[in-house]
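Each chain, letter by letter, is given below.
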Amino acid sequence: MGFIDTLWEWVAVIVGIVVVGGGLVLGLMRGRGGRSATLPRTGDTGGIPDASEVRPSDRPGGIDTLPRPDATDIAEAEPDAGVVDAPPASAPTIERPEAPAGRLQRLRARLARSNSVLGKGLLALLAGGRLDEATWEEVEETLIGADLGVEASTQVVDALRARVAAAGSTDEATMRGWLRAELLALVDPSMDRSIADSRVDGRPACILVVGVNGVGKTTTVGKLARVLVAQDKDVVLGAADTFRAAAADQLQTWGERVGVPTIRSDRDGADPAAVAFDAVSAAAEFEADVVLIDTAGRLHTKVGLMDELGKVKRVIEKKSPIDEVLLVLDATTGQNGLRQAAAFTEAVEVTGIVLTKLDGTAKGGIVVAVQREVGVPVKLIGLGEGPDDLAPFDPVAFVDALVD
Amino acid sequence: MFTSLSDRLAATFKNLRGKGRLSESDVNKTIRDIRLALLEADVALPVVKDFTHRVRERALGAEVSGALNPAQQVVKIVHEELVAILGGQTRTLRLAKTAPTVIMLAGLQGSGKTTLAGKLAYLLKGQGHTPLLVAADLQRPNAVTQLEVVGERAGVPVFAPERGNISGHDVVTGAGSGTASYGDPVVVSRAGIEHARAKQYDVVIVDTAGRLAIDTELMAQAGRIRAAIEPDEVLFVIDAMIGQAAVETAEAFLEGVDFTGVVLGKLDGDARGGAALSVASVTGRPIMYASVGEGVKDLEVFHPDRMASRILDMGDVLTLIEQAERAFDKTQAAEMERKFLAAEDFTFDDFLQQMAAIKKMGSLKSILGMMPGMGQMRQQIEAFDEREFDRVEAMVRSMTPFERTHPKQINGSRRARIAKGSGVTTSEVNQLLERFGDAQKMMKQLARGGSLPGMPGMPGMGGGKRGRQQAPQRTKSKSGNPAKRAAEARAAAARASAPPVGSAGSGAAFGSGPAAGGDQTQALDPSQLPKGFERFLGQ
Chain A
396 MGFIDTLWEW VAVIVGIVVV GGGLVLGLMR GRGGRSATLP RTGDTGGIPD ASEVRPSDRP
456 GGIDTLPRPD ATDIAEAEPD AGVVDAPPAS APTIERPEAP AGRLQRLRAR LARSNSVLGK
516 GLLALLAGGR LDEATWEEVE ETLIGADLGV EASTQVVDAL RARVAAAGST DEATMRGWLR
576 AELLALVDPS MDRSIADSRV DGRPACILVV GVNGVGKTTT VGKLARVLVA QDKDVVLGAA
636 DTFRAAAADQ LQTWGERVGV PTIRSDRDGA DPAAVAFDAV SAAAEFEADV VLIDTAGRLH
696 TKVGLMDELG KVKRVIEKKS PIDEVLLVLD ATTGQNGLRQ AAAFTEAVEV TGIVLTKLDG
756 TAKGGIVVAV QREVGVPVKL IGLGEGPDDL APFDPVAFVD ALVD
Chain B
244 MFTSLSDRLA ATFKNLRGKG RLSESDVNKT IRDIRLALLE ADVALPVVKD FTHRVRERAL
304 GAEVSGALNP AQQVVKIVHE ELVAILGGQT RTLRLAKTAP TVIMLAGLQG SGKTTLAGKL
364 AYLLKGQGHT PLLVAADLQR PNAVTQLEVV GERAGVPVFA PERGNISGHD VVTGAGSGTA
424 SYGDPVVVSR AGIEHARAKQ YDVVIVDTAG RLAIDTELMA QAGRIRAAIE PDEVLFVIDA
484 MIGQAAVETA EAFLEGVDFT GVVLGKLDGD ARGGAALSVA SVTGRPIMYA SVGEGVKDLE
544 VFHPDRMASR ILDMGDVLTL IEQAERAFDK TQAAEMERKF LAAEDFTFDD FLQQMAAIKK
604 MGSLKSILGM MPGMGQMRQQ IEAFDEREFD RVEAMVRSMT PFERTHPKQI NGSRRARIAK
664 GSGVTTSEVN QLLERFGDAQ KMMKQLARGG SLPGMPGMPG MGGGKRGRQQ APQRTKSKSG
724 NPAKRAAEAR AAAARASAPP VGSAGSGAAF GSGPAAGGDQ TQALDPSQLP KGFERFLGQ
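Heads up: the sequence lines are chains A and B, in that order.
The C-terminal position of the first sequence is numbered 799 in our numbering, with every residue numbered one higher than the one before it.
The C-terminal position of the second sequence is numbered 782 in our numbering, with every residue numbered one higher than the one before it.
Hints were generated in silico from the structure; no laboratory data involved.
Hints may be right or wrong, so weigh each one.
No more than 16 Å apart at the CA atoms, straight line, and that leaves these computed lysine to aspartate or glutamate pairs for EDC-like [what the hints assert, rightly or not]:
no.: 1; chain 1: B; residue 1: 292; chain 2: A; residue 2: 536
no.: 2; chain 1: B; residue 1: 292; chain 2: A; residue 2: 684
no.: 3; chain 1: B; residue 1: 292; chain 2: A; residue 2: 535
no.: 4; chain 1: B; residue 1: 368; chain 2: B; residue 2: 395
no.: 5; chain 1: A; residue 1: 628; chain 2: A; residue 2: 536
no.: 6; chain 1: B; residue 1: 292; chain 2: A; residue 2: 532
no.: 7; chain 1: B; residue 1: 340; chain 2: B; residue 2: 541
Make a model of the complete structure from these sequences and hints.
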């Protein structure tokens, strides 16, 4: 008992101290007005991440911003004759990927499969004839169930209710039209969804791909490279994911299949900013159209890692402006996707979203919330594991797949 | 920004004060708030419905209408129900009677299975087991290589007879969905068990490929792996960030591999983790571990009560305490305790020590964020600059050792010297000394057995964490009138943007001196804490 008592007491002291510290700090800050703003930012404790947030591999020389401290081997495209003799779909020669234009049509079935519950369920409810309170609630719940978020769902339901109240008609065709219009308004077809895919001002366009762990960044980079190759672009890949084991190998293999060079470090744990810089330099040298840079997955709450990402961006910008920052979001992500988008936007100014794994049970409704709150459009969607299952996001086709 | 459920409920009930009992419409409004809070935390809809139904029943019962503060009572009910669903108590791994214990991992792509394999192996190795990792993910590009790297980091051998997919990209099956495997994972898993038996490893962890819930073929394959290796535990790994898809996914996996436990991945992010509730509630399987980082050590036993607080955004005092324990070293703590009990004066040396420890705990922002009720002052927390800590430290460092132990002896000329030495104005030094004097008073008051004003309800915390009996009755605040205090603090909060001037209430220790300090006092005020809070801390 005595022990617990004292243990508790000193815990109280700590908490007390925290309060004290906070009080002091806030008090002083207020007392001194805005003076702290003019101080040079050196050796601050707030900005520097604590050690636990810095990945071990970054520690040696992690602060070094000098470009390329290490040799990188430029993997030229070589046909790589049958090293891998895998049973299905092995690719000994450079492949000719499918053109992106018709992709969404082909993938429509898959999209519909994932979303059928949403569209069909909604229509069944709405066209059922009687629209009472319980039905509206169910409609709202169906939308929430798609991770649309409470706010957007309520908005759609309210809009539909208003239309029904005004027109009084509830036959299926009308309802379908209204639902389509509302959902379309939700995904906002007016946003610019083009990707920076050709040379800008006589230099290669630079695309940086970011996201949290396990959303499929490397795969997206590989697939996007195929999309660009299909459009006859010269592409260079930069494997700036130096943290995850074998990530660079994975990217390199993607590149080799379509004859695209991959710039990588020859060892794990190299400075990702240096690799990115090399990639951009190499792309300029090769006079490529686009350079795609893959980064390591990082949770948006890890200050140290987000700072690292900021550094990657700054270092790249020494060589060339970044034209596109794509945030990869897993379609299964819930409301946390919003925070991810906000955090990454703050760190590196995200310009577009890639929604992956949309072929599963997830509806990916979170992108609606992200578009609304963060103002970043969805540009690409991943609808399967095949190499050509990445399609440009087309709001109209997307909504049609939902409603039809 | 979302405010915590307790805050929102408090607002709902504000108008009801003095009513004595709740009408049905009051309860309905409350239920709507709860529903919204849970949905925002990504709890799946069917689970929310079921949950709110149960809460409604209890809220309409005598429990609430009889309570002095209905809002707190409702939060308490919600919290209790959450903990009940999340598993009441934590469960650890069941080990087989005859070695080897076989553990199989399953989950969606990218949920963190391979990483978890390493963490689990590391944990078990630390407990004196000899784990073996089996690489049965032959689909994902380089998964086998990754497992080998992870195994190396954990210092655990990896059994990998097949190289798996080394082509660097997914390979699609004829059907156009799902990926093909390089080699047969069932054979590999079975061989892994044999290998473990022959080499006398006592735990085998089988890492399988990620699969989609709707991919019947792969799900059947997972079922075959399960049948072939007869695992003692099948762990379902799920991303804490997952949204409404959690239920369908969990159901599919329950049917496919009949998992026995759940591991929450990526809980170190800021996801509120409603998925945990969904999965636990839909499948009835306990959540056993939470993955909280990328290193092999970052695996924690799951705490249902903390998760409940997290879902409700109630702060996480227990984690705060654990961090504090890690940051403060034992001898320091013992010395502090001795001083404290002997009612010795708190000196600037102690202060420095504690500041260093707080810095070790991480940023002050994250620490404050973990305290209950801090949600409402999140903006203020965001706004302040942690470098101010350094300035305070500079002032203390500019004092002589004598001055540090005898703050009362610091006269005008000494103050001028300290100000010069640390590059601040004399008035800042004055302010520091003044507050420090208050702090000393507070410490003494604490040592005499009184609680901090605004910090009752916290005894038993330590005990709670260890699951021991609760310490004696010390919850009563000694300070005269807590309500008035809270009111003052609230007034201070209103002035928060204005400079503090000399408005600090002299009687209130410390906290309520400067404006924002007042907020903190308020945040810890018993009347602001949900009632259920002490209870779950104290159990």
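Results for each hint:
1. Taking the CA atoms of residue 292 (chain B) and residue 536 (chain A), the gap is near 10 Å; set against the 16 Å cutoff, the hint holds.
2. Simply put, residue 292 (chain B) and residue 684 (chain A) have alpha-carbon atoms about 53 Å apart, too far for the 16 Å limit, and the pair is violated.
3. For the hint pairing residue 292 (chain B) with residue 535 (chain A), the CA-to-CA distance comes to about 13 Å; that is within 16 Å, so the pair holds.
4. Of the pairs offered as hints, the one joining residue 368 (chain B) and residue 395 (chain B) holds, with about 13 Å between alpha carbons and a cut-off of 16 Å not exceeded.
5. Taking the CA atoms of residue 628 (chain A) and residue 536 (chain A), the gap is near 44 Å; set against the 16 Å cutoff, the hint is violated.
6. Distance hint between residue 292 (chain B) and residue 532 (chain A) is fulfilled; the C-alpha atoms sit about 12 Å from each other, no more than 16 Å.
7. Our distance criterion of 16 Å between C-alpha atoms is broken by residue 340 (chain B) and residue 541 (chain B), whose separation comes to about 28 Å.
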